[in-house]
Amino acid sequence: MSSAKSQLLTPTDLHDTLQAALIEVGENAYFVFVEPCDAGAFATLAEQERDKSSRPGWLMASVRFTGAFSGSVEIVLPERLGHWLVTSLLGMPPEEDLPETQMFDGVGEFANMVCGAWLSRVGDQALFELKMPAVTRMASEWNPVGEGRGREELMCRMVSLNDSPMRIRVRAQ
Amino acid sequence: MTRKKILLADDSATALTMERTLLSRSDYDVVVARDGREAIKQAVDENPDLIILDVVMPNMDGFEACRELRKLEPTRDIPVIMVTTRGEGHHVENGFEVGCNDYVTKPINGPELLSKVRNLIGE
Chain S
1 MSSAKSQLLT
11 PTDLHDTLQA
21 ALIEVGENAY
31 FVFVEPCDAG
41 AFATLAEQER
51 DKSSRPGWLM
61 ASVRFTGAFS
71 GSVEIVLPER
81 LGHWLVTSLL
91 GMPPEEDLPE
101 TQMFDGVGEF
111 ANMVCGAWLS
121 RVGDQALFEL
131 KMPAVTRMAS
141 EWNPVGEGRG
151 REELMCRMVS
161 LNDSPMRIRV
171 RAQ
Chain D
1 MTRKKILLAD
11 DSATALTMER
21 TLLSRSDYDV
31 VVARDGREAI
41 KQAVDENPDL
51 IILDVVMPNM
61 DGFEACRELR
71 KLEPTRDIPV
81 IMVTTRGEGH
91 HVENGFEVGC
101 NDYVTKPING
111 PELLSKVRNL
121 IGE
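Chains as they are written, first to last, in the working numbering: chain S, 1 to 173; chain D, 1 to 123.
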């Protein structure tokens with residue numbers, strides 16, 4: 001961890017600030033409660049997701065940032081939740097179909113807001129620049145529960161939104 | 001009474017839809033652009049009463065677009081609100097340096113944006 005980053009962050013700060021950012025975005029933009037969950041609860045929600053959705057796939061939205069320190073915020077979520085987030089933000093009926101480009105754009109916007117809200121809490125006066133979000137659909141055999149940490153991971157937070165699982169990882173560059 | 005016209009520039013279709021809905025419901029006419037270059041062209045062609053510019057856009061970002069708008073005779077006096085993501089606090093300072101009049105942060109707070117719009121161009 002670079003010296004600039006060390007001065008800004010403690011492990012507790014990381015988790016608290018990310019949780020606060022998720023709550024801020026969830027409640028202000030989507031009017032949804034964000035509940036923390038542990039690995040077991042996340043696995044259960046992920047399993048349930050397979051059964052209850054006609055959209056069983058998962059999406060990953062990633063936003064890179066540079067500045068006082070550099071890295072990325074990665075959010076993985078079921079496609080069903082991504083669909084709900086976008087229709088909710090746009091005031092559309094939840095059952096309305098969305099073109100893939102629109103859903104990816106909206107999920108990227110969600111990740112962008114979370115990343116920005118988190119960075120504003122990490123360093124009071126620190127300077128950051130966010131890159132444009134990238135959203136990809138995970139391969140059908142991808143398992144959200146079994147994925148390893150990766151060496152550059154600073155933290156990982158699991159939450160539920162509307163009883164759907166979401167995992168947020170912050171990686172250092 | 002003539003409705004006021006607002007130019008929205010953002011590369012995100014989601015952000016554009018959300019902001020357009022908010023402004024249209026408040027009886028503003030809205031035209032859109034998807035990047036900084038298109039924003040300048042639309043500003044010259046449409047002569048809006050106000051421009052809302054996202055900072056992070058492809059081709060030409062919001063700062064550069066604002067700087068260009070201030071150089072052009074037809075657009076130099078049009079008020080500009082910059083939209084920045086929280087965490088990019090320095091964008092506010094940069095925005096004022098290139099001539100923006102105000103700013104809002106994402107996630108956009110509807111009443112706050114409308115208040116700033118009314119403050120600059122009225123109802």
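FYI, nobody ran anything at the bench for these hints, they're computed from the structure. Beta carbons: idealized from backbone N, C-alpha and C, even for Gly. Treat the hints with care, since some could be wrong.
To be clear about the criterion: a stretch of chain D counts as covered by chain S if any three or more of its residues have a C-beta under 8 Å from a C-beta of chain S, and this derived list gives those stretches [what the hints assert, rightly or not]:
#, stretch
1, 11-20
2, 94-107
Label-pair restraints from in silico Cβ distances [claimed, not checked]:
#, chain 1, residue 1, chain 2, residue 2, range
3, D, Asn47, S, Trp142, 46 to 52 Å
4, D, Lys5, S, Glu47, 29 to 35 Å
5, S, Ala134, D, Arg25, 27 to 33 Å
6, D, Glu123, S, Ser140, 49 to 55 Å
7, S, Leu98, D, Thr2, 47 to 53 Å
8, S, Glu100, D, Asn59, 44 to 50 Å
9, S, Glu27, D, Thr2, 36 to 42 Å
10, D, Leu72, S, Asp38, 52 to 58 Å
11, D, Pro111, S, Asp13, 48 to 54 Å
12, D, Asp77, S, Pro36, 33 to 39 Å
13, D, Glu46, S, Gly91, 22 to 28 Å
14, D, Glu97, S, Ser140, 45 to 51 Å
15, S, Lys131, D, Arg67, 41 to 47 Å
16, S, Leu98, D, Ser24, 46 to 52 Å
When the alpha-carbon atoms are kept at most 20 Å apart in a straight line, the in silico EDC-like pairs for lysine to aspartate or glutamate are as follows [as the list claims (entries may be wrong)]:
#, chain 1, residue 1, chain 2, residue 2
17, S, Lys52, S, Asp163
18, D, Lys41, D, Asp27
19, S, Lys131, D, Asp61
20, D, Lys41, D, Glu93
21, D, Lys5, D, Asp45
22, S, Lys52, S, Glu141
23, D, Lys116, D, Glu73
24, S, Lys131, D, Glu64
25, S, Lys131, D, Glu123
26, D, Lys5, D, Asp27
27, S, Lys131, D, Glu46
28, D, Lys4, D, Glu93
29, D, Lys4, D, Glu46
30, D, Lys71, D, Glu112
31, S, Lys131, D, Glu93
These are the hints, each one checked on the structure:
Evaluation of the coverage hint for the stretch 11-20 of chain D: fulfilled, as 7 residues show C-beta separations to chain S shorter than 8 Å, against a requirement of three. Interface restraint, the stretch 94-107 of chain D with chain S: holds (3 residues with C-beta to C-beta distance below 8 Å; minimum three). At roughly 50 Å, the beta carbons of asparagine 47 of chain D and tryptophan 142 of chain S sit within the given window of 46 to 52 Å. About 51 Å separates the C-beta atoms of lysine 5 of chain D and glutamate 47 of chain S, a value inconsistent with the hinted range of 29 to 35 Å.
Range check, alanine 134 of chain S to arginine 25 of chain D: about 32 Å between beta-carbon atoms, so the 27 to 33 Å window is met. With their beta carbons about 52 Å apart, glutamate 123 of chain D and serine 140 of chain S fall inside the hinted range of 49 to 55 Å. At about 35 Å, the beta-carbon gap between leucine 98 of chain S and threonine 2 of chain D misses the expected band of 47 to 53 Å. The beta-carbon spacing between glutamate 100 of chain S and asparagine 59 of chain D, approximately 23 Å, falls outside the hinted interval of 44 to 50 Å.
For the hinted restraint 36 to 42 Å between glutamate 27 of chain S and threonine 2 of chain D, the CB-CB distance of approximately 38 Å keeps it satisfied. As the Cβ distance of leucine 72 of chain D to aspartate 38 of chain S is approximately 56 Å, the hint placing it in 52 to 58 Å holds. Checked against the hint of 48 to 54 Å, the pair proline 111 of chain D and aspartate 13 of chain S fails, with Cβ atoms roughly 31 Å apart. Taken as a hint, the range 33 to 39 Å is violated for the pair aspartate 77 of chain D and proline 36 of chain S, whose Cβ atoms sit roughly 50 Å apart.
With their beta carbons about 26 Å apart, glutamate 46 of chain D and glycine 91 of chain S fall inside the hinted range of 22 to 28 Å. Between glutamate 97 of chain D and serine 140 of chain S the C-beta distance comes to about 49 Å, which sits within the given range of 45 to 51 Å. Checked against the hint of 41 to 47 Å, the pair lysine 131 of chain S and arginine 67 of chain D fails, with Cβ atoms roughly 21 Å apart. For the pair leucine 98 of chain S and serine 24 of chain D, the supplied restraint of 46 to 52 Å is violated, since their beta-carbon distance comes to about 20 Å.
The straight-line distance between the Cα atoms of lysine 52 of chain S and aspartate 163 of chain S is roughly 11 Å, inside the 20 Å bound, and the hint therefore holds. Proximity of lysine 41 of chain D to aspartate 27 of chain D is assessed by CA-CA distance (about 24 Å); at most 20 Å being required, the pair is judged violated. Proximity of lysine 131 of chain S to aspartate 61 of chain D is assessed by CA-CA distance (about 12 Å); at most 20 Å being required, the pair is judged to hold. Of the supplied pair hints, the one linking lysine 41 of chain D and glutamate 93 of chain D is violated, its CA atoms being roughly 25 Å apart against a limit of 20 Å.
The hinted pair formed by lysine 5 of chain D and aspartate 45 of chain D meets the criterion: a straight-line CA distance of about 12 Å does not exceed 20 Å. A threshold of 20 Å between alpha carbons decides the hint, and for lysine 52 of chain S with glutamate 141 of chain S the separation of about 18 Å falls inside it, so the pair holds. A hinted pair counts as satisfied when its Cα atoms are at most 20 Å apart, and lysine 116 of chain D with glutamate 73 of chain D does not qualify at roughly 24 Å. Taken as a hint, the lysine 131 of chain S and glutamate 64 of chain D pair is honoured in the structure, with Cα atoms around 16 Å apart against an allowance of 20 Å.
With a C-alpha separation of about 35 Å, the suggested pair lysine 131 of chain S and glutamate 123 of chain D falls outside the 20 Å cut-off, and the hint is violated. Restraint check: the Cα-Cα separation between lysine 5 of chain D and aspartate 27 of chain D comes to about 9 Å, which is no more than 20 Å; the hinted pair holds. The suggested pairing of lysine 131 of chain S with glutamate 46 of chain D is violated, with an alpha-carbon distance near 30 Å, which exceeds 20 Å. Between lysine 4 of chain D and glutamate 93 of chain D the alpha-carbon distance is near 28 Å, which puts this suggested pair outside the 20 Å criterion.
Annotation: proposed proximity of lysine 4 of chain D to glutamate 46 of chain D holds, straight-line Cα distance about 12 Å (limit 20 Å). A threshold of 20 Å between alpha carbons decides the hint, and for lysine 71 of chain D with glutamate 112 of chain D the separation of about 28 Å lies outside it, so the pair is violated. For the hint linking lysine 131 of chain S to glutamate 93 of chain D, the alpha-carbon distance of about 19 Å falls within 20 Å, and the restraint holds.
Taken one by one, the earlier hints fail for this structure at numbers 4, 7, 8, 11, 12, 15, 16, 18, 20, 23, 25, 27, 28, 30, listed in ascending order.
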